[in-house]
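Participant: We have chain P; now place chain A onto it with these hints.
For reference, the chains in residue letters:
There are 2 protein chains.
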Amino acid sequence: MIHYSEEDIDKLNKVFRINLINSCSGYKSANLIGTKSKSGIANVAVFSSIVHLGSNPPLLGFFLRPSEIFPRNTYTNIKETGIYTINSIYKEIINDAHHTSAKYDKSISEFSMTDINEEYIDDTSPPFVENSPIKIEMKFEEEIKIKANKCKLIVGKIVNLHIEKKLLEKDGFLSLYKGKIPTISGCDGYSLPEIYDRKGYQKTKD
Amino acid sequence: MIHYSEEDIDKLNKVFRINLINSCSGYKSANLIGTKSKSGIANVAVFSSIVHLGSNPPLLGFFLRPSEIFPRNTYTNIKETGIYTINSIYKEIINDAHHTSAKYDKSISEFSMTDINEEYIDDTSPPFVENSPIKIEMKFEEEIKIKANKCKLIVGKIVNLHIEKKLLEKDGFLSLYKGKIPTISGCDGYSLPEIYDRKGYQKTKD
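Chains P and A are the protein sequences, given in the same order.
Per my numbering, the first sequence starts with residue 800, numbered consecutively.
Per my numbering, the second sequence starts with residue 800, numbered consecutively.
For reference, chain P alone in the conformation it holds in the complex (with noise of 0.2 Å):
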């Protein structure tokens, strides 16, 4: 086994010590969140760190760095507007939606610079990723600051689910392999798991 205490990590090089902590927890969801500014201009970014909160009521989670909260947008515009959506990503845009971590312009809508197109399912909605098989639409309920790091938690309720049928099993389960999503490991894996085994609700051994 290789060993790094905390002293070797913070002598580590800037790029492998981000390469490094961000892989070693282990697997991240792949989610687009779609944002519009109160001047109109739609926002899509990549997230991994969306985080499921629980389920009544239901409850999603994200996390921003200090970096991401100014001049990010997609902080801002949930913050003008108090709504926002989760997408999931697909096959098929993994490269346009890994693209839309480069540092783009507030006036520049990532819609504009890459292949995915907003959808918008009612008048007021936020913008939505055209095609995603879980198309989330969420209010914003409040925002957390991690004191450690000065990270914030910005926590949502889900208010509308579109789900493709396919996805969806007889007990609520998705399976998320029959949309092809991926998931990212670190700042850019992306693979896309191909089953699964479930292993049910566990019961005490004598």
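Hints should not be assumed to be uniformly reliable.
A pair counts as met if it fits within one copy or between any two copies, since identical chains are not told apart.
[Stated by the list, open to error] Okay, derived cross-link-like pairs now, DSSO-like style, lysine-lysine, Cα gap no bigger than 30 Å in a straight line:
1) Lys837 to Lys1004
2) Lys810 to Lys998
3) Lys938 to Lys951
4) Lys998 to Lys969
5) Lys813 to Lys902
6) Lys938 to Lys979
7) Lys946 to Lys878
8) Lys1002 to Lys979
9) Lys878 to Lys1002
Read the hints as simulated data drawn from the structure, not as lab findings.
The structure presented is a predicted model; accordingly, all values stated were derived computationally and were not measured.
Facilitator: For chain A alone, kept in the frame of chain P given last:
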């Protein structure tokens, strides 16, 4: 597409809603948290909520539901001792790792109810999981309450990182598939991603 509004989700059968909301955000990490009580009883429990929070300082977080704070043991042990371990699940122990989600009494160590073996790297360390390809020793930093559902985010700092050599790429990225590390979807779906495609750092296009 199937559509669930906020009201539809409220009215769903409990198990269906848990499965649906727990899988809609995408793939999750698959780890075992190891702790020891002040009285010396080791505990190990599966967590799919471990997330990367930042690389400088190197921070990881995980979420606990209100029901997991008491009487579940991971939280109590972390608060008592200030230290814990995060260990990647690997292919050969998936069944046993998932079984640690059964609700054993505090007096029973999950290590004794499964074929997962505990390992101590030095005299003062909390229990690691033997043969885990990524073993992380953590120091508790802070706990943050989410008002919307009373869950807690537990934030910790990496103090020692042990990695199987074959996983480490030249730039610090860890190839999780070389350690046969699974990803979790929903409450009980385990997949083994086999390849990845790295997309690199993205610059803006003209």
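Participant: Run every hint past the structure and note whether it holds.
Facilitator: Consistency of the hints with the structure:
1. Proximity of Lys837 and Lys1004 under a CA criterion of 30 Å is satisfied inter-copy only: 25 Å between copies versus 56 Å inside one chain copy.
2. Taking the shortest Cα distances, Lys810 and Lys998 sit within 30 Å of each other only across copies (26 Å), while inside one copy they are farther apart (41 Å).
3. With identical chains, the CA atoms of Lys938 and Lys951 are at most 30 Å apart both within one copy (17 Å) and between copies (20 Å).
4. Only within a single protomer do Lys998 and Lys969 lie at most 30 Å apart by alpha-carbon distance; the minimum there is 16 Å, versus 35 Å between protomers.
5. Taking identical chains as interchangeable, the C-alpha atoms of Lys813 and Lys902 lie at most 30 Å apart only when both belong to the same chain, with a minimum of 19 Å there against 42 Å between chains.
6. Proximity of Lys938 to Lys979 under the C-alpha cut-off of 30 Å is restricted to the intra-copy arrangement: shortest distance 27 Å within a copy versus 37 Å between copies.
7. Taking identical chains as interchangeable, the C-alpha atoms of Lys946 and Lys878 lie at most 30 Å apart whether they share a chain (21 Å) or sit on different chains (18 Å).
8. In the homo-oligomer, the alpha carbons of Lys1002 and Lys979 lie at most 30 Å apart only across protomers (26 Å), although the nearest pairing inside one protomer, at 32 Å, exceeds that limit.
9. Within a single copy, Lys878 and Lys1002 get their C-alpha atoms only as close as 44 Å, which misses the 30 Å cut-off; across copies the closest is 26 Å, which meets it.
In summary, the structure agrees with every hint in the numbered list given earlier.
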